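Number of protein chains: 2
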Amino acid sequence: MRRLDASDPGFAAEFDALVNDRRESDSDVSADVAAIIARVKAEGDAALADYTAKFDRFDLDASGWSISKQECAEAYDALAPALRDALNLAAERIRAYHAAQLPQDRDYRDTAGVRLGARWNAVDAAGVYVPGGRAAYPSSVLMNILPAKVAGVERIVMMTPTPGGEVNPVVMAAAHIGGVDEIWRVGGAQAIAALAHGTNRVAPVDVVTGPGNAWVAEAKRQLYGVVGIDMVAGPSEIVVVADAKNEPHVIAADLLSQAEHDPTSQSILFTDDGDFADAVVENIEHQIRSLASGATMRASWVAYGAIIIVPNLTDAIPLCDRLAPEHLELAVDAAQADALFAKVRHAGSVFLGRQTPEAIGDYVAGPNHVLPTGRRARFSSGLSVTDFMKRTSFLALDEASLAAIGPAAVALAGAEGLPAHALSVQNRLK
Amino acid sequence: MRRLDASDPGFAAEFDALVNDRRESDSDVSADVAAIIARVKAEGDAALADYTAKFDRFDLDASGWSISKQECAEAYDALAPALRDALNLAAERIRAYHAAQLPQDRDYRDTAGVRLGARWNAVDAAGVYVPGGRAAYPSSVLMNILPAKVAGVERIVMMTPTPGGEVNPVVMAAAHIGGVDEIWRVGGAQAIAALAHGTNRVAPVDVVTGPGNAWVAEAKRQLYGVVGIDMVAGPSEIVVVADAKNEPHVIAADLLSQAEHDPTSQSILFTDDGDFADAVVENIEHQIRSLASGATMRASWVAYGAIIIVPNLTDAIPLCDRLAPEHLELAVDAAQADALFAKVRHAGSVFLGRQTPEAIGDYVAGPNHVLPTGRRARFSSGLSVTDFMKRTSFLALDEASLAAIGPAAVALAGAEGLPAHALSVQNRLK
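First to last, the protein sequences are chains A and B. Residue numbers for the first sequence follow this note's numbering, so the first one is 1 and each next one is one higher. Residue numbers for the second sequence follow this note's numbering, so the first one is 1 and each next one is one higher.
Hints were generated in silico from the structure; no laboratory data involved. Note that the structure is predicted; figures quoted are calculated from it, not measured. Accuracy of the hints is not assured; some may be wrong.
DSS-like mimics (lysine-lysine), calculated; alpha carbons at most 25 Å apart, straight line [claimed, not checked]:
# : chain 1 : residue 1 : chain 2 : residue 2
1 : B       : 54        : B       : 41
2 : A       : 41        : A       : 54
3 : B       : 245       : B       : 343
4 : A       : 245       : A       : 343
5 : B       : 245       : A       : 430
6 : B       : 430       : A       : 245
What follows is a list of derived Cβ distance ranges for each label pair [stated by the list, open to error]:
#  : chain 1 : residue 1 : chain 2 : residue 2 : range
7  : A       : 46        : B       : 17        : 16 to 26 Å
8  : A       : 299       : B       : 203       : 27 to 37 Å
9  : A       : 247       : B       : 203       : 34 to 44 Å
10 : B       : 42        : A       : 46        : 38 to 48 Å
11 : A       : 46        : B       : 299       : 37 to 47 Å
12 : B       : 107       : A       : 92        : 17 to 27 Å
13 : A       : 179       : B       : 334       : 38 to 48 Å
14 : B       : 169       : A       : 1         : 53 to 63 Å
Every residue gets a Cβ at the ideal spot worked out from N, C-alpha and C, and that includes glycine.
Between the sequences and the hints, there should be enough to build the whole structure, so can you do that?
Below is the structure:
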């Protein structure tokens with residue numbers, strides 16, 4: 001854990017180092033992934049069966065390629081009622097937030113008499129990757145599938161590895177709630193390749209989203225352009241801006257809620273009170289010892305955790321913008337939270353006030369928890385319905401409007417040395 | 001040129017072949033590009049100077065690294081008045097169309113008392129690549145810069161190679177109109193690397209857009225994630241749906257207006273009249289012989305051109321959707337154009353009616369001419385202001401709303417095995 005003080009003479013350099021800290025894997029899996037993609041493209045289902053036997057110790061041909069809708073419905077029915085209600089509340093709120101995101105079509109005539117517009121359509125099919133093992137989160141299933149569903153995508157395909165045959169029943173229940181159309185027991189780069197290129201069994205999709213390990217992330221990167229993808233995702237991160245009026249154990253738990261995701265997660269506290277910072281650190285140490293996810297939290301906190309003392313909390317905001325964090329918690333009084341938020345330019349999602357822990361946004365608030373990491377909030381946004389849609393622009397001219405603006409097009413085509421462009425306009429000018 | 005008839009028994013297979021036709025370069029420049037990026041990252045300006053001397057025969061240190069705003073203003077002043085007016089009309093219409101695209105912020109309280117919303121901000125800096133040589137189009141300068149400007153981007157950086165020192169004065173004039181802040185005389189993969197990673201001279205940007213050759217395209221693909229990019233672009237294409245009431249020479253010019261871009265461009269005509277098709281082909285042959293861009297048009301038309309006879313123009317639309325073309329011209333009566341367009345799902349931009357040649361959209365109509373190619377209109381959209389912006393979601397709960405939805409978050413965190421998530425919510429529940 002690093003402790004920085006903005007009033008120290010060496011602060012600027014230390015903060016630069018924090019900003020430029022590289023937490024993402026440097027392991028180069030690109031050649032392996034390229035080989036897997038090429039083989040799935042060439043051999044299709046046979047390659048999927050072979051990789052799945054090798055990596056997941058699972059025989060697709062003998063034990064079944066897919067998980068049925070019926071099995072998902074049964075998993076849903078078997079859930080403890082409180083958990084079922086929680087999933088349904090989450091789904092309902094995620095649906096509502098994303099429905100309000102649906103973009104408006106445009107169709108208007110401007111002063112030159114030109115009809116102009118844009119129309120949105122959903123993609124035909126979306127693929128959602130769901131990891132097996134540690135990161136198999138039902139909340140991620142909802143966060144990826146529901147925006148596609150709200151966008152109007154007619155075919156939603158889930159890919160998930162089932163190592164040794166094991167499936168997570170809560171993930172299946174979430175797939176049931178989300179309304180997934182197909183689930184294939186395939187994981188890794190081979191699953192992404194199948195979604196992008198298609199096989200005999202798996203028809204190709206148009207957009208692929210969802211978290212995954214380094215192989216999955218690299219496969220998405222390599223297949224970007226063949227299909228649309230959500231984003232290049234890295235380890236999770238949180239920045240908390242908190243004053244001394246917070247209870248230290250509350251802020252400690254907020255910081256640790258990211259640290260428990262992965263040893264490469266990052267939690268950073270900005271505060272204007274050194275004693276409060278000490279108390280938070282003490283509470284973090286205590287909670288790391290007492291919670292089941294302590295080992296992961298300790299690894300993350302020791303390697304990447306940071307406390308930054310600022311003279312005034314307002315001074316934290318430009319520093320936050322440099323970090324462009326995935327999650328930013330402004331744990332101050334409501335009015336001050338609004339004032340600080342008004343100055344924020346770069347963050348994936350912002351949590352305002354003392355009663356808004358980041359974890360509420362992971363599950364039930366409604367906004368998407370798939371957010372840009374690794375300073376990418378400088379230029380990218382959380383997952384939304386528009387990631388599963390595309391916009392077609394359109395225009396219509398008549399003789400009068402073409403007469404008004406056509407000659408300018410002819411002049412520009414001439415300047416660019418494109419005579420057929422000029423001719424196609426000139427042919428219609430009287 | 002291929003001629004297909006939808007009523008032929010072999011049509012489905014022939015059309016599949018057309019859809020899957022690969023026009024994009026297979027040349028693997030990825031290793032070369034990776035080496036260039038690594039060297040620019042390590043050596044900065046020295047690498048830029050060296051590559052520019054080698055590839056563009058231009059000595060940056062001796063002859064100047066940048067083109068000044070003053071030089072651009074002078075190029076603008078020196079333009080022929082008709083061309084200057086045409087550029088200004090184009091700029092004004094592009095600005096107006098894109099200003100209407102600006103997304104709305106959201107900030108509302110839902111029935112559970114949760115405050116929810118999303119706020120859009122421009123990125124801090126955008127880089128626009130402008131090729132030298134054949135594809136140095138002032139219209140592309142406007143189409144890339146103006147959306148960034150309308151989005152509110154405060155720093156816009158142009159990168160353009162000046163082989164042997166040569167610059168295109170109309171491109172400089174367009175940069176003046178657009179309001180570019182910096183122009184560097186650097187091209188190729190090294191220009192994209194400088195924009196993404198920065199050098200001593202060139203501060204890094206957040207988003208990189210603009211067309212380029214295979215090296216530029218591959219550099220953007222490799223640096224996607226370090227910066228945002230517009231899209232993976234391929235050769236241009238047009239699909240024209242036309243009945244026999246059109247004049248054949250008019251439709252011929254429309255088809256050739258894409259064919260003249262590049263030998264790998266593609267022009268496809270759907271019509272319900274074989275005699276009309278014959279007349280269009282005859283006119284194409286004639287225009288290829290008479291226009292200055294004939295050699296490029298001939299190469300494109302011979303290799304990739306197609307005429308498809310359909311029993312009824314309505315039958316063309318599902319086939320168009322399979323092609324998901326960059327440009328779709330519906331050259332029929334206005335009412336029928338609307339009816340056909342209502343059925344279109346996948347196209348970059350659609351041109352409605354007999355008085356709307358595609359070329360009008362390349363220059364002055366207002367919608368962006370940077371559009372998805374190579375069937376990517378299935379999942380992606382033309383360049384827009386939102387490519388230069390990003391959305392920050394936000395939420396605020398109070399005691400009552402946290403009491404309403406917090407327990408569900410605790411239940412889900414428990415099911416996912418994330419105790420610090422649960423604790424951070426529980427800490428705030430009374």
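Please write out, lowest number first, the hints stated earlier that are contradicted by the structure. none
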